[in-house]
Every structure is written in structure tokens, then in C-alpha cells.
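Listed below, chain by chain, are the residues.
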Amino acid sequence: MVKISITVDGERHEDEVEPRLLLVHYLRERLGKVGTVVGCDTSNCGACTVHLDGNSVKACSVLAVQADGGDVTTIEGLANGEWHPVQAAFKECHGLQCGYCTPGMIMAAVDLLANNPAPSEDEIREGLEGNLCRCTGYQNIVKAVQLAAEGGAR
Amino acid sequence: MIPAQFDYVRAGSVDEAVSALAEHDEDAKVLAGGQSLIPLLRLRLAYPEVVVDVGRIAEMHGIRDDGSHLVIGAMTTHAEVITNELLRRHCGLIAEATETVADPAVRHRGTFGGSLAHADPAGDLPAVALALDAEFVIAGAGGRRTVSAADFFVDYLQTAIEPAEVLVEVRVPKLGDGWGYRYEKFQRVAQAWAIVGVAAAVRRSNGSIAEARIGLTNMGSTPIRASAVESALAGTGAGEVAAACEAAAEGTSPPSDLNGKADYRQHLARVLTRRAVTAAAGY
Amino acid sequence: MTDTAERVTRESSVGRPLRRKEDARLVTGRTSWTDNLSAPGMLHMAILRSPMAHARITRVDVSAALAQPGVVAAFSGADLADKLGSMPCVWPVTDDIVMPAHPPLAHEEVRYVGDAVAVVIAGDRYQAADALEAIEIDYEPLPPVLDMEAALAEGSPLVHADAGTNACYTWKLATGDFEQVRAKADRVMKRRYVNQRLIPMPMEPRAVLAAPTGPDGELTLWSSTQIPHIVRVLLALTTGIPENKLRIVAPDVGGGFGSKLQFYPEEVIATVVAAKIGRPVKWVESRSENAQATHHGRDQIQNLEIAATNEGKILGLKVDLLADMGAYLMIITPGTPLLGAFMFNGIYKMEAYDFTCTGVFTTKMSTDAYRGAGRPEATFAIERLMDDLAAELGVDPLELRRQNWIEANEFPYSTVGGMTYDSGNYEAATARATELFGYDALRAEQQRRRDAKDPVQLGIGISTFTEMCGLAPSRVLSSLKYVAGGWEHATIRVLPTGVVEVVTGTSPHGQGHVTAWSQIAADALGVDPDDITVIYGDTAQAPYGMDTYGSRSLVVGGMAVLQAAERVVEKAKLVAGHMLEADPADLEFRDGAFTVKGAPGSAKTIQEVAFEAFTAHDLPDGVEPTLHASSTMDPQTFSFPHGTHLCAVEVDTETGMTKIRSYVCVDDIGNVINPMIVEGQVHGGLAQGIAQALWEEAVYDDAGNLVTGSLVDYLVPSAADLPSFTTDRTVTPSTTNPLGVKGVGEAGTIASTPAVVNAVVDALRPFGVTDVQMPCTPERVWRAIHGDGSGGDRAAEGSIAWAGDRTESTAGGRTEGDETGARP
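Listed in order, the protein sequences are those of chains A, B and C.
So the first sequence is numbered by my numbering: it starts at 1 and just counts up by one.
So the second sequence is numbered by my numbering: it starts at 1001 and just counts up by one.
So the third sequence is numbered by my numbering: it starts at 2001 and just counts up by one.
The shape of chain A in the complex, shown without the other chains (with noise of 0.2 Å):
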């Protein structure tokens, strides 16, 4: 067992893990953030995705021990009282159905716009490769995050 002290969503916690512990498994099945989610083994779907230190990281593929002093955000800490604007967004322009995708693809594209405030449709498309979306075929969630860039749905 590894001692471990991390940050989520504002919230301290300390706690002792077995070192193989995935971060996703940590988030959800220690701490009951169960808002991110699970999509593959391999981390091509991006369903997990979270934000480590301000990155976006795939949860599955990051061991809890690893994240140790580190500052997580979920999608659960995204709204600061309200929505962030690329919750809205999504909302607004239909960009998820299912909604199983939309937690990883929400904090993706949330650090796409961190990282390029004002993307082109293939920049957008680019930067969410790794974020897999069974539903929508992307036309939507593209829209959303342009509604974000260009100030967004509130």
C-alpha cells in the first residue's frame, strides 16, 4: 500500500492505495466520483478523461500513485455555480445523446479551448481524437465547442 494525498474537485483526500490502482477506479470507486467513466481498456476511447495539474489525462492509463499531490477536476467540478460554458454548450447544440462519451469529451474539449481559445473545425477535430462518441458522428459536439469559443451558451 501506497500513501497518497490528492486533490478532487477542491476536495483534499489522503488515503492508502494498492499501487496498481488505476486513477478512474480511485475516482469512482473510493471516493464515489462516478461522473467519470470507463469505455475501454486500452486508452483510445477517452470516456475517462479528467484534468491532472490542468492537462487533460485518460484516467485509465494514469495509476492513482502516480496522481499523488496532484489537483484533479472531474466532470463533477467543472460548474463553478453554474454551468461551464462548454456544458451549456453541449446542451445547446446537441452534442451528446447517450451521454456515456460526453464527461471525457466535455473535459477534452475544455482543454482543447484552454490551449486555443479560438479553434478552426479542424483544430476542433483534431483535438478531439481521442475521445471516442458512438452517437452523435461529432457534427454536434464540433458545433459546441465553437458555440463555447465564440462566448458560448449560458
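Just so you know, these hints were derived from the structure itself, not from any lab.
Please note that the accuracy of each hint is not assured.
FRET-style restraints, in silico, Cβ to Cβ [said to hold, decoys possible]: (1) B:D1015 <-> C:A2067: 50 to 58 Å; (2) A:N115 <-> C:D2124: 31 to 39 Å; (3) C:A2441 <-> A:E123: 25 to 33 Å; (4) A:H13 <-> B:L1157: 33 to 41 Å; (5) C:D2124 <-> A:E82: 32 to 40 Å; (6) A:H13 <-> C:G2214: 42 to 50 Å; (7) C:A2024 <-> A:E14: 29 to 37 Å; (8) A:G32 <-> B:A1150: 27 to 35 Å; (9) C:P2157 <-> B:L1157: 34 to 42 Å.
Note that the Cβ used here is the ideal one computed from N, Cα and C, for glycine as well.
Position chains B and C relative to chain A; hints supplied.
Chains B and C in isolation, oriented as in the chain A frame:
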């Protein structure tokens, strides 16, 4: 899926990492960014008894100017490589190829040294390192040694790094003035590995190609230098590039798999080399 | 846009792009996926799966697993055989169909890689995963059966030895005399097309949580399923647990695409194990398991003959299918290809049609419904044939279609496939699509590129499709030997405080029923959509239903909502008449209130009426308290969406890479409840159909291992791989239901696959290419150009390529200074 149990050592320094590895020898695995290793652990395709995490060793991070070379710490992430001004200026081919690696979230965790030490011939960076004559600084119990790219990639997923050694940094000669470069990656979907990739750097002089360096991705069990094309290109002008690139598949032994049979890959190598060289030369 | 808009004068909700009520919890992570749920004392189950395609199990020993930390129980298939029963197939399509036993946990033979053989129950999922490795199991290999044509040949190894054959069934349908039209036709074109095997890959893998809930064997099963109601019936029949002690809940379900229209072994195993050990048991599928052991789709070899005159008139069509069943018949495995049997004629008029389908067992995962289910295969065949025939005849493929399609003034039209298409306007959809596409300009550019021998050739593909939706009239299902009905149920309750509950038997998992049903009920009841709650997906709360699949929910379930709402209004009218001291016949209902005709001053709102019905202090004679009504709708017939899809691709003839340049579709799905949701359904459908054309294929190797067992190898496209689509609609209302709706869930998938392949082949026609097998990978395209044979016919060994068409080139760059070293 879920990794099997292992013990964990977080190394605070290169020496700590080396001694931890020496203690466990072949039962230990080095954990860098984990973007290749953790999926392998989850699928239980790797069963280390000990994982030695070198991700926080300060010495292994960052990119510095060392006169004729840039020195890239092995734990420098892909995202840092892409945005680094020094690297864009002197070794831009690395930054450009790195942009095609995986996706943004993986590039936030995955490291330059980790990719090279993993030595997947389908990975994008080994061919680039080979084309640029990078040098690998490896630390072991007996100190540090430097291995040329030509000697570093030994076989499929196998490098010159011994079980009790760590790749500390990679020294890449700066491209001088007058170089152009291009990485051509041929793949099925955005996230997929390259079926074939071609890394080309070309120096022009007096309207013709003075020097060319070409590395091939996924054309054998290691990255391959297209030496025959490099020699054929020397001194050629725009009109002779295509003929010179016909030699691109010489000496290659690409895999036949669901991506494509070997003959198709060799065909692609010729076409993509021509395109990469043409773009790099600015023709 | 809609005829229902005339029902009430308040601002209609139907027809407007209402933002979805579902989204608030989904964009904030406040979700209830099955894996998010837990129950006190819950244990985790892990499943050991066969690594062999076909083998006899000679020994299973779980004792070492039992000794592992945290392990509570472990069972082999033999341990549970008497309790687990056999998995049911509800569609025995012929009287002499071969229906082999299908044990949920194999105990004698395994018949595909991924077949479940043993389970471990432990305190957490990590312990369960570890303990699996301690199970000892010995196999005696049997020969795999992997190729349908070889499987039917004399002397082939058998998947089910006691069946004596690998042929599951042969099903025929014939109209007219094809032999006669073949004899008189100027030309008969034969083709062999392959619809490859696909993996549905919803983003949420499956999960189940089985929890004993009462002292008398009561049990609740939460499952990531499209069909909680059907699961309840089948779970009772399979396990012997009385149906009235079973509650099935489909909580948030992360996509299905048909793959969760299934009754799975894991649902049975978790239920039986939880009941046996008396504690809640959860199982969550990994993506690797999802690829291996969640049902696959398509996998058809199509041998086709189309007979036509030299002038381009189609006379008849002969279809001879081999359909891969996989190892076992799951819920509707044998019937799935037959859902296309009535649609191979597409939108075209012809005299004769001859259809035969043979189901074939192989040692692979079972196939079953995947988005479109039978209709994509039919549409692919006829639309590919139309393009190929046009090329043979030397005419424009759109012209050939125009010459043969059912004209707008010919509806209703009884087709050679035995269906009566109630409405349609192929001319209008095609006119709009060609205008948006710039058809003539693209054809001109194509010619220029052909003349110039441009290494990048342009191809234009067409698909003028129709499909049948609204599964299904129960008596039609009966005639097809399906053992259940196709009705749907809704109950509407106007509560004492005036808010409304809509209870639906549909089971949405991304389709937006909560929003759409609210819109339908809001208009019918004259209430605000926000005052409506939709209850679904729980057999305790929504006890009647036939669930969600086959683009049926709106046409059948939405109609039930409308009818229930109308019945609520009928009842409310009796109460309102009493309250207003007027004859109910003299009342009119508008804007949510009853008024006496000609005396608009006095009014009773439906909310006031609901409260009156709740107190029941003064109800008219014969009227029961409370304001609610139900409808169980059994549709009279199907509905037939149609549309014209046009795709332009650029094919790099040097590398074989295909890139979609533009994609235009104009669909006619009749009236629309929520155009935003409709457009989303079309987009997603297109992505899946295009992915079949270009990227996706489930590949088994010679030993029967699934080679494409993860998202590394099975190529689901990302945003970076797909273009933006241009979508539009024409509106020809269905005449078979009062809403005038047709269904949209599968249209995009059904239509797009042939449009893309037609475009690829069109680009390559100057090279003499007539077919490229799906997925049209760069290697296949390149080999087709170079005449290597693996483009058109079956792929050469080792080149059953994944998809693909993408290069990721960097922009290239320069160091400082020009080539002479001078600084800029």
C-alpha cells in the same frame, strides 16, 4: 481490465532508479508517463513484480541548449516537446512528428524518452531519432554511457538499455541552416499507429539537395534509415527526387498484418518518401 | 411542418427543437449507469472466457481461485448447469430450424473465443480479476468453423455435432417468376457482395447488478439493456424465478445500437449466482469482453442477379444470402437477416423477386441486430447493383434510378417485396439532394480529372434508400414466427397538483424520448413540456412495454403516448362538463382548458379537472376518480422513411486512400417531433454507416481468434476522421399513423454505406474496377486498381485489411536561413 499486483518504487534521482532496477533486475519495469505500459499492465500483457517510477526525477525533465546539440530529458512530455521553442527552432522535425503521436490527453502524460525506450517500430519518434542521428544517454550502476541511434534500436521493442539501466536524456544534433523537414504518416484513422511513416530532413544548396536524412516507421522490427535514398538524393534536383525515392524500400522487411501486406507497405514507403522529401526540399 | 400543430392553438411544442431534458445530468456527471450503482453487501463477478474457438472442456478446477484473497465463490459451468438453463431464441424462422442448446456458462464445449466457462465472485473487482487467473481448465481442441461457404461444404467440421449440419435454416420468399424474367431480360448482371462482420461498440460496455431484495426470492436486476421488459419475461422463463418476483431496471444506458437488444448469459449468471449466495452481485464488461462476447452484426455473403432491359428497365431481382449466425442463436439471430427480406427491391418497381437466405453456424460470436438489422444489407445490395447496372448500361446512375423508382403519384404502392409503401416522394428528396450537392458540377470535375489522369480521382456515390420502421404489427410478427408482439404501451397521469407523468414502455438510451414524449403529451394535454415527467426503464414503474429498437419507439410508443393523452382529455371532458354544468359534447378543449362552445367566459383547466378527479367529491355518474388513461398501441402496418444520399470521395490512386469530400443527405421521415433530435440521429447513423464502408471490420484469424478485439484494432472513427454532413429533409407524412411520423433511428446507417462504397467504386471505374470489398481500406483500393484481386472479390490471405483512409501529414517546416545559410 485491471493490472496484476506489483510493488512500486518512486525514484527521486537517477541513482535511486538505477539501484532499484539493479535490485530487481528483469522483474522490474520502468514507468515513465505510462501511456504504453499501463495499457499493457491492464491487459495483463506485462507482469512486472516492481514498477520503478522515474516520472518525477527532476534531472530527466526539460530541454536545454548544449551548443551543437539540444538535450531532451527523457521525461519531457510530448506536449512539452510540441510547444518548446528551442526544439521547434533547431529540431523541428521532432516537434512535428510528435504532434502526430496519439492524442492530446496521451501527449500530456506520454514522454519523449518513454516512447523511444519502448521502441515500437510503429511509433513515430524512433524513426525521427534515427534520421537525426540522436544520441542516447543511458545511466547504469557503472555510470553513464552514450549510444548512437544506429546502435540503440536493437529489435522489436528492444533497445540497448540493459535491465538495470535508465534512459536519462537524448542528445539531438541541431539542424543547421537551410534544412527543411517533413513527417509523413499513413494511417487508417487519426488514433491509429502508422502503417508506414517517413521522417525526412533535407538540406538544399545551390538549388539541389546537398544532404538528406530519412527514417522509416514500421518498415521492419526496428526503425530503418533509408540510406540508399539518402545517397541517391545527394546532389539531385527536383526532377530526380522520384527516381531516387524508388530505393526507399531497399533493405526493409516490413510486417504483413491486417494493416497491409509487406509489398503494399514497401510501395507506400516509396510513395511517402517521395512526398516527404519533396515537401522537405520545398520543391 | 406538422399536421399535429393544428391540434391546439397555443404554441405547439411538437416540431420545435426543444433542448433535451435529459442533458442536465449527463453534462454534469450526475448519472446512473449500471456500474455507478451499488448495493449493501455487493460482490463483484468476473468471468473466465474461452481462449479457444472450438474445444471440449475436459476439466475445470476452481478450488485455487476460492483460496484467493477476497473470493466468496467460484463456479464452473457444470456447477451451475442445472440452474442456468439454456439461452432462448425467440425467432425460430422456419419449422425445421436447427436450434442448438446454448448454456449461459459452457460446460461441455466452447464454441467461440469469449464463450463464458467459469465465474469468480469476490469482494472487489481487483480481487475478482486476480482470482480468475487461478482457475484451472483443460481443453481438447476441436476444429474451428470460420468460413460460411466452407462450413456448408460436404465434410466440414461441425459447430454443433449433434445437429449434423452447419446450416441453421433456409428461408424463401418469391413474388412473380424470376426464371421467366431472366429468360426475357436483355441482360442479367450477377454480383457477389460481402457485408462484413461488425462490432456494435456502444461507448458504455454492458453491466449488470443482480440484488436479492426480499425473503421470498424477489430479485432486482439492473442491466445496461435496451429491453428491460423482454428481459423480465425471458429471465423468468430461463431461471424459473416467477416473473412477478423479478424487477428489471435499465438505468442510464450508454448506447446500444442493437447490441443491448439482447438477453445475455451474464444477466442469467448474475441472477442465479446472486440468488444462490444471497448477496448482490455486479458484473461489468471490459471493452475486450465487449468485443468478444457482446453480439456482432451483419456478416452476409450476397449472391445477386438483377435482370433488366437494354433500355434500363429493371425486370427482376434474385437474392441468395448466406448469413453468419455465429455459434448460437441468440434472441433474434436467425430473424435479423430476414428483416431485410422485404426490402431488397428498395424503391424500385419490378415484376419478379426471388429471395433465399441460409443461416450458417460458425465458431464465432453470435450475430444479431445491429443498427438497421437486415435493412442495411438489403439497401447495400440494391443500391450497389443500381450503380453497377448504370455503369454497365452506360447511363447516369441517378437516371437509372429515376427510370425505375415508384413515382410520387403511385402511392400507396404494393411492392414486389410484399410491402405496401404508404407514401413517399423520391423525386423531391432527390431534387433537393442534387441541388445541395452540386451534382452536375461534381460530375464535370470528375470528367476533368479523368481526362487529366489526375492521381487523385473523384468518385460520386448515390443511395436512394427506403426502409421499414415501426416494428411491428403483432400479427405480422406472428406470420414471421416471431414469438412476441410488437405493441407499445403508455400511461398518462395528471396528478392532483396538475403536473403530469408519462409512463412509457419504450426504453430510451440516447434517443431523447423524455423530451420528445413530453412534446407530444404537452400538445395533446395543453400543458407545458416542463411540467411533464417521463417514467421508463423499470418494470416496477413502467410495467408494460416492448422496449426500444428498430426505429419503433416514436411510431409505436410515441403513438401510444398520443392516444393515452387523447383518452385523458376524453375523460377530463366528462368531469369538466359536470363542473361547468354543460353537456360534454358542447365542450371544446384548447390551450389546456375546457370551455363551453360559444361561451368562452367560463373555463376549467385540465389541472383543475385533475384536482376534481382526485378529490372525487362530485364526479359525474359512472366516472371513476383520478385523471389517468392508458393506451396499448399495436400498429396496423409499417412506415417507410426514404431519402437520397450523395457522397463525393477523393481517392488517392497512388496510396489507395479515400477521403470523403462531401456528404449530402435529404431524408423524408414524415412529420417531425423534434428536428434537433432528428438531425442528431441522422448524423450518428451516417457515422456508423460510413464506418462500415471505410473502417470497421471484425476479423477472426485462422484459429478463430478475434484479431480486432480492442479499439486499437477495431477502428471506430473519431471526430478527426469524419467530415461535416449536409443534411436536410423533405416532408411526406406517413398516412399510417395520426402523427404522420416514420422513424429515424436507423436511416442514416442504412443509407450511407452504399453511398460511400458507390463513390469509391465510381472513382475507380476508369481502372476497370467494379467492386471494392468493405471496409474499403487503402490496401484494398490500391490492389483493386492494380488488379491484384483482393479489391473486388474476397480479400487475399493476410490482406483482410482494416480500414482506412487517412494520412496525418505534418505541415513540414524550415530551419532558419535559406539554403545558402542567409538569414531572412
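Each hint, compared with the structure:
no.	hint	verdict
1	B:D1015 <-> C:A2067: 50 to 58 Å	41 Å, violated
2	A:N115 <-> C:D2124: 31 to 39 Å	37 Å, holds
3	C:A2441 <-> A:E123: 25 to 33 Å	29 Å, holds
4	A:H13 <-> B:L1157: 33 to 41 Å	37 Å, holds
5	C:D2124 <-> A:E82: 32 to 40 Å	37 Å, holds
6	A:H13 <-> C:G2214: 42 to 50 Å	37 Å, violated
7	C:A2024 <-> A:E14: 29 to 37 Å	33 Å, holds
8	A:G32 <-> B:A1150: 27 to 35 Å	53 Å, violated
9	C:P2157 <-> B:L1157: 34 to 42 Å	37 Å, holds
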